[in-house]
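Given two chains presented individually in distinct reference frames, assemble the corresponding complex, making use of the accompanying hints.
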Amino acid sequence: MTNPACERWHLLLQADHDGELTASEATDLMVHLAGCAACRAERDGLAALSEGLRALPRHAAPAALRAALTRQAAMPPAAAPPRPRRAWAGGALGLALAACIAAVMLLPRAPDPDAAAIASHIRALQPGHLTDVLSSDQHTVKPWFNGRLDYAPPVRDFASAGYPLLGGRLDYLAGRDVAALVYGRDRHIIDLFVWPSDQSGSAEHVASGYNTVAWNGGGMRFVAVSDLNMAELRGFAALWGDAGR
Amino acid sequence: MADTDDASRFARIALPHLDAAFSLARWLVRDAALAEDVVQEAMLRGLTYIRSYREENPKAWVLRIVRTTAFDHMAQQRRVAEVPLDHAAELPDPQRSPEAAFADAEGRTALARAVAALPDELRECIVLRELEDMSYRDIARIAGVPLGTVMSRLWRARQMLRGAALERQP
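Protein sequences appear in the order of chains A and B. The working numbering puts the first residue of the first sequence at 4, with every later residue one more than the last. The working numbering puts the first residue of the second sequence at 12, with every later residue one more than the last.
To be clear, the hints were calculated from the coordinates, so they are not data collected in a lab. Hints are supplied without guarantee of correctness; some may be wrong.
[As the list claims (entries may be wrong)] So the derived list for chain B, only partly shown, Cβ under 8 Å to chain A, looks like this:
(1) Asp-30
(2) Ser-34
(3) Leu-45
(4) Gln-51
(5) Phe-82
(6) Arg-119
(7) Ala-123
(8) Arg-124
(9) Glu-141
(10) Leu-142
(11) Glu-143
(12) Ser-146
(13) Leu-165
(14) Leu-172
Built from N, CA and C at the ideal position, the CB exists for glycine as well.
Just chain B, same shape as in the assembly (with noise of 0.2 Å):
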């Protein structure tokens, strides 16, 4: 049972963390109502695995935490729909500027929309490298896959996203 050291320990640790937690969770669940069930929960599980933390990174610790319950959440409502993967073909062509595609506003939300339509496991790789800046092995372990698979997720997401940001820009 948690005490109150427990409590405060597991405060100093992760609640530094809980915007880069919130915001994890609402791009894996992309509803920001779910997104707060998911940081509740994952909170309460983190104070009672905080005996067991050894890790380095707190930030990685929490993200961990938060990534399993959301994607526990995720499996238990399967509400939406995913792009299916054969969109990866659309290999964006390196002739084309991409680096007008998210210069303004326009460019960003597309952006936005594109990052929620990835498949899980390549969104959780995309935003805990680029929102969160998390190393290859943080986002090994935060997501339970080899090194080698975070990159070639990485490498995937990153081709989905440039080709649908070109998509837009005939």
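Only chain A is shown next, with the shape it has when bound in the complex (with noise of 0.2 Å):
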């Protein structure tokens, strides 16, 4: 157990080691610790804590609440007088979310699902956004958006055909909450976002180095975005096609 006396010192160790101490204490400091092994075994426990708790895993904001968020900074509940055509150059925001707030600040004006949809697949590249639910099973996936969405999207697993589904997230687009599911194809990611639509017509579009290709079935709006080349990205159309969409 530490010495009653050296009590006084606590809060000054502590200081220290945040690094909130001027330099005088600091000096008092440094002369009682070379003379008090209680305060020294006390400093390293405190250093040896601190590793422990910045080593601790981080709560990353979820993919889905990050969208969300970026769509009401973006829209405001009042009526919107006209906006700006720009994205902001926030530094630390970076040149995926500039692009992605432009596109949905952009939205109400020029409708452009298939551009909103690059821009969600690219803000969904970065590190920790990409799924929600982490699935290669489409009866984890299908069920994970009960109840997250007012429509039951269709999840396929095309892991013979070269596609396997890696999972899904919630996503904004269109001015909806719309199904995301994530597939594979060598290393190249493909998302497919699906919302109930009775737009009709299949069109792809190769905008800032991404493909998409978009089609209708069941119902359902399908746009399918990746860096994959446009061949392979329409073999993937194709199969849901097979599928008997």
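Below, the structure is given as structure tokens:
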């Protein structure tokens, strides 16, 4: 047990450890530490604890939350005056988030879910944002969306065709919450956004180095986004056709 | 009413600290889904407070709103039993090696559990200091207590965590 006489040093020890000590206090403490083994042990204990605490896993904000808040910030509840057509250059935000915000901000004027899909895809590629539910089992991924969406997106695994299901997440697109299914193809990632829509017609799209293939089926709109080449992305879309969309 | 300028200013200030906001909420309310609700609500509150934002440290400002929102939720819920304060009596014996206690994965899991078991007002201080790297002054502002209280709470939190670790290591 520590020496009761040393108690008055404890908060100084701690302040020193936290980098909050003034120079004169630090000098006094140094003199005391030189002659007090108990306080030196106390200091080492604080250091060991800090090291342990700083190694604890961080809880990064879920992708869906980030998406929702980005949208909230870009579209306040008030009737908004004309928006400036620019993305801000907040250094810490990073290019991907800026691109995403820009896309979301532009949505009300020029609804282009495909462009927004690319922005969502880029944002999701940032560490820790890709999947909310991580599973290659469609029977795990599909129920995960229950209660998170007001519709049931079709979920299929195409691992046997070389497009394994990796997981899913909630995203925000075309003015609503949508299901994003995540597939792998070699080292590429495919995001497939699915939401109910009576829109018809297929489309292909190349922008910012990303390929987009969109189609309709079963009352749903499908938008696949990836840096995968167009031919293989078409192959992925065709699998959904074969699966009876 | 918030307009677009407010919203973009708020986004510029708050979004870079979203991970810190979620992490703090997660440690305070100890539940991922609830933490999401807290952050959502905190961000809405923040948007309405943005015109009064004057502080030099945006992260501290964001965390203060998250902290207040989280404590409001916790006051409503009161569903998690707290560890009684007299646990603090179990002070560590510095003669035993504390360095080894947190070195392995098992030690870190136990440490995370010990943090979660701290009383709310101690947990918030230690999380803000050690995980979010906030200064004493910022913690005092976020928690709304004097500087001396921050120091004594941090000390108690640390003693309890070290005590819990040494309990595990006979």
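Do the hints match the structure? See the list:
1. Asp-30: Given a least distance of 5 Å, the restraint on Asp-30 of chain B holds.
2. Ser-34: holds (4 Å)
3. Leu-45: violated (12 Å)
4. Gln-51: holds (7 Å)
5. Phe-82: violated (18 Å)
6. Arg-119: Interface hint status for Arg-119 of chain B: holds (6 Å vs cutoff 8 Å).
7. Ala-123: Interface hint status for Ala-123 of chain B: holds (5 Å vs cutoff 8 Å).
8. Arg-124: violated (11 Å)
9. Glu-141: holds (4 Å)
10. Leu-142: Nearest chain A Cβ about 7 Å off; hint holds.
11. Glu-143: violated (10 Å)
12. Ser-146: holds (7 Å)
13. Leu-165: holds (6 Å)
14. Leu-172: Holds. Min distance 6 Å.
Checked against the numbered hints given earlier, the structure breaks hints 3, 5, 8 and 11 and satisfies all the rest.
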